[in-house]
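Each chain, written out:
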Amino acid sequence: MNAILQTLVSTVVQGSMLALIAIGMTLVYGTLRVLNMAQGVMVMVGGFAAYTTVVRTGLPTWICLIVAAVVTFLLGVLTYYSAVKPLLGRVGVDFEMTAFITTFAIATIVQSVVLLIYGPRQKPFDPLWPGRIDITSDVSITYHSLIMAAVAIGALVGLGLFLSRSRYGLAITAVAQNLDAARLMGIPARRVYVVTMGIAAALAGIAGVLLAPLYFVYPNAGDLPLLQALIVVIFAGLGSVRGTIYASYIIGFLSAAVAIYWKSAYALPVLYVVILLVLVVRPNGIAGKPQEARL
Amino acid sequence: MNAASGSTTVSTAKSQPASIRSFLGWPKAGPIPLAVTAVVAIALPLVLHSTYWVGVCTLALIWMVLNQSWNLVLGYSGIWNFGQLAIYAIGGYTAALVSLHTGIPWPLTIVVAGVAAMLVSLVLAIPSLRLRGIYVSLLTFGFAEVVRLLVIADSSGVTGGTFGLSGFDGFGISAMAPEARSRTFYWIALLGVAITLLAMYLIVRSPLGTGLMALRDNPALAAARGVSPMKYQLVSFGISGFFAGVAGALYAFTYGVVSPSLMGLGQMTLLVTMLVVGGMGTLSGPLVGTAILTLVQAELQNWPEIRLILLGVILLAIVVLMPRGVVPLLAHRTGRLKSWMAQGNSAQTKSST
Chain Y
126 MNAILQTLVS TVVQGSMLAL IAIGMTLVYG TLRVLNMAQG VMVMVGGFAA YTTVVRTGLP
186 TWICLIVAAV VTFLLGVLTY YSAVKPLLGR VGVDFEMTAF ITTFAIATIV QSVVLLIYGP
246 RQKPFDPLWP GRIDITSDVS ITYHSLIMAA VAIGALVGLG LFLSRSRYGL AITAVAQNLD
306 AARLMGIPAR RVYVVTMGIA AALAGIAGVL LAPLYFVYPN AGDLPLLQAL IVVIFAGLGS
366 VRGTIYASYI IGFLSAAVAI YWKSAYALPV LYVVILLVLV VRPNGIAGKP QEARL
Chain R
17 MNAASGSTTV STAKSQPASI RSFLGWPKAG PIPLAVTAVV AIALPLVLHS TYWVGVCTLA
77 LIWMVLNQSW NLVLGYSGIW NFGQLAIYAI GGYTAALVSL HTGIPWPLTI VVAGVAAMLV
137 SLVLAIPSLR LRGIYVSLLT FGFAEVVRLL VIADSSGVTG GTFGLSGFDG FGISAMAPEA
197 RSRTFYWIAL LGVAITLLAM YLIVRSPLGT GLMALRDNPA LAAARGVSPM KYQLVSFGIS
257 GFFAGVAGAL YAFTYGVVSP SLMGLGQMTL LVTMLVVGGM GTLSGPLVGT AILTLVQAEL
317 QNWPEIRLIL LGVILLAIVV LMPRGVVPLL AHRTGRLKSW MAQGNSAQTK SST
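These protein sequences, in sequence, are chains Y and R. What the first sequence shows, in our numbering, is residues 126 to 420, in sequence order. What the second sequence shows, in our numbering, is residues 17 to 369, in sequence order.
If we strip away everything but chain R, and leave its shape as in the complex, we get (with noise of 0.2 Å):
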């Protein structure tokens, strides 16, 4: 919503329900909150003096990579995919694997894990496009539990069992001092973001993610007019199934280890939390989600149980109070703020001429 929209868009801004207005046009981010974010986002460790701190940072970057991939399944394509913490161990796991059986450098690592979730992802697409709605959220749902049933039960010693995957070197940077070393975790998944952030960007404003948007929003009219179900939807699950198993791989890599706490119900219930407390469907929506609730989280670290509660709550009341999130409404009343002003200005312009 800039002001030259929004002073041709005044006389219609009436008789035009808000929500349609402001999806006119493509979401446009101005140049300078976007440069101060970024300066702010990678000046932030060395302002941080806790190592504390910036792991937590550290940590809400690499939910922040894993949301917006989740984003463009749930958000943008419609698909309700709740198996995306299974891709994410996956991605995690094989990043583990292959770094402790190989001695590839880290960055091909990275890529190998998020092919590897790209595959596991298009293979769970399969199936779930014939499916419709619910039965989706289903079917994904009971893959994750299933993937992470099997994973606890394995005794075969490849993935560890409840204990996960533990010893391997990362990214190469184990003699660093701490400090250091946490600040070098913290610029590589702030990378990650910015990676995962343009490539949604550019997604979403391409025919692709119209695409994806009009299957979503109408179904038959969309496949009418020869957008291809199939085509599309398995691209959105390759493309998000890929990011996501990146971000697993970053976990990996920045903690050293992966164990099947990565998934399960705790997880997904943040991770859906963050999600819809920012906005589906939105690009900044996941990450000022994933923002909000890590910082709620770490403050209320000392007691779990709570938190957990909390959670829950602020899940309930986003949904049933705000249910498209703090960005869309956020944006929703800038946008009235500036036809406001919009119209006050050609008020004026008009009585002056």
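Chain Y with its partners taken away, still in its complex shape (with noise of 0.2 Å):
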């Protein structure tokens, strides 16, 4: 009963994280056609990002959530003009496989550059809320990961909204649809593609600090949550929001079973597997449809 109740928990905290990191990559994917990876870099610089402003101002850690969020958006914006824009429409080169290579160029850029300035050591991280509650005796959840949790749904609530409603989440979504009506009806495709790139990073970063606390901030701190990601959207099938958010949960689901009932170190091995047979049955993963209607 009580192993039921930590798998569910596990559940929710770490399907809520890894939708907001994977959701990234399936909104760039579905508008740019490029598979950023660097996304996992800005998990670990919106944790930097959130180290660095409390332990130099000592500023609220909410405020520290909002910064992380604008550096990571800067950053994916820098991301766009540095790794995508020069690639865009160049005849005669594979655009996705330049652009997955440029991203990940990027990704050990940024990466190095965090190693230079901070040095590899693991730099623990206060949760945004210390404390826990007791579900019975032995079950017990910190508020850190209600707060992970609440954040991170409230972000994908936020994002399905501003999807669905604003101007430029429709430009978003139109874009991922049909480029070139989009184009046609007048929507700045480029400008479209910066604000992506941003948003994606964005999230990734508030992802990041709320990782913080449980995985420490260290420059490879982004490495596993890539290869989550990666899993995710593989299973969900890239460019499908919806799909993306299901194939989340269920991942989380299976990575939180796997470390509670066996090891966890086999987790990602496990999941790995899973993907396989996903693949092998549906090669477009569980969501994904073989031609252009996404989103």
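Bear in mind the hints are in silico, worked out from the structure with no lab data behind them. Be aware that one or more of the hints could be misleading.
Restraint ranges, calculated between C-beta atoms of paired labels, are given here [as the list claims (entries may be wrong)]:
#, chain 1, residue 1, chain 2, residue 2, range
1, R, R221, Y, I242, 45 to 53 Å
2, Y, K248, R, T178, 44 to 52 Å
3, Y, P185, R, M246, 36 to 44 Å
4, R, A210, Y, L349, 36 to 44 Å
Bear in mind the structure is a predicted one, so any value in this text is a computation, not a measurement. Just so you know, even glycine gets a beta-carbon here, dropped at the ideal spot from N, CA and C.
Now that you have both chains on their own, put them together as the hints suggest.
Structure representation (structure tokens):
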């Protein structure tokens, strides 16, 4: 009973985190056709931005969430201008492949710059809200994981409203659905690209702050989230927002269950085998469509 | 691009884009540059007096074998396989385990490592066959990371976990003097490069190579013309895996150690940069790229942080500024120079007659 409760709690918390990171990748892929390998680095930079803000200024921790979001948003925009924009509209070169490599290069650069500035040591980061509540005598939830789930779900709902209600959000959806038609309707596609990359990075940055108390802040902090997010987006099918959210919770559940009932080191390999099986049956993931219809 | 074909294509040279012209006919290596390169490569460890630099060159040669094998899948077949490092590491581990637990001679061990890597590569190829473009890279990249994490987490003692395996007597020459030994390592690795290069040359020029490139450039048309995607891609994964495994075995035997640090993001960045700098889908590209970047790496040995930053910047700059890489760019330039010279020649002969 306790183990089941623990698994469920873990599922909600991990699934929300995964959704926050993976949705950025899927949004960027849906609009730009770029698989953003710098997404993991954004998680790490978010953690470092919050850490620096808290240590240097002593501001309350919720402000550092905003700082992290702004910093990663700007970094996302910078990634667009340095790694993606020069490749757009180039003839004779595979765009998806080259963009994969350039974002990968950005990830390497950012990671080594952070390493150069802060050094390789793991830095502790206080929970946003210390303390825990007991559900039963053996199972307890830290307030921090409640906040993690709440902020993540809040951000996802906000994103959903943004995409379906606001002008820019609708523009993003339109570009993702049909680039040519969107352009003909007068949507400035390039500006949509910038905003999308920024938002995707900012979501990862927020996830980075929330994950920081659990996994510490260090230059390689983005590797594991990147891998997990990759697993989620393959499982979901790239470009499908709804599928990504479902997939995040399924993957969150699987990794929590494996970690609790078996061994946490086996969580990723087991997930990988699951992904393999899913891909063999459905080559475009659970929600991906073979053709252009997305979002 | 030799002079004869240059003069025949003069009339069409202006109307055709240069990229098409440079692909007409098979790339031919001139016998003189080839001989000079071979002599320099064989004599290099005799000229270099420091064991350190011979070691650097040996590592470069091992990477050349690996990059050649990767280039077959990534450059010629256009399959986005980013799991090659795991295959390479599996080759290394197999060689280490075989020489730790059995007494079979080292050339056979290297072949065994290659076959083991080939089998794993084929297993990886099966799910990749059904996938398209970016999903293949996700799948293979994930595969490589999972293999790395599994090896790190392994506590059964078979792979040695984080510390890896050591204490095996690779080529059986540990009794040699250090200088002679490092030279022997170099020549064995050079032999590996020569064999790999010859194999790749034969494959690329064979109908198999043509089929692979056809599948890369236009999968639907190639399949309609009777090129089986399944058969060709499995074969290319298999061959590529074999040579990656050989590279891993060479590494294991040369350095006497294999560990999870063979894989990982840093290594992958380095090797991808080598391929991109040299030019994917060319035979000499991986060699040139590896040589350039190994030199850069060795020069920056004392500043590890800056080294990685610089690596990232080089990768970004090359993809943005010359996406085809150095070798195709040079080939394009020499091609233009030659056709320009040939134009002058034909104008002269015309005016004199």
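The hints, checked one at a time:
A hinted range of 45 to 53 Å holds for the C-beta pair R:R221 and Y:I242, which are about 50 Å apart. For the pair Y:K248 and R:T178, the supplied restraint of 44 to 52 Å is violated, since their beta-carbon distance comes to about 22 Å. Checking the proposed 36 to 44 Å range against Y:P185 and R:M246 shows it is violated: the Cβ atoms sit about 59 Å from each other. A hinted range of 36 to 44 Å for the beta carbons of R:A210 and Y:L349 is consistent with their spacing of about 41 Å.
The structure does not agree with the numbered hints 2 and 3 stated previously, though it agrees with the rest.
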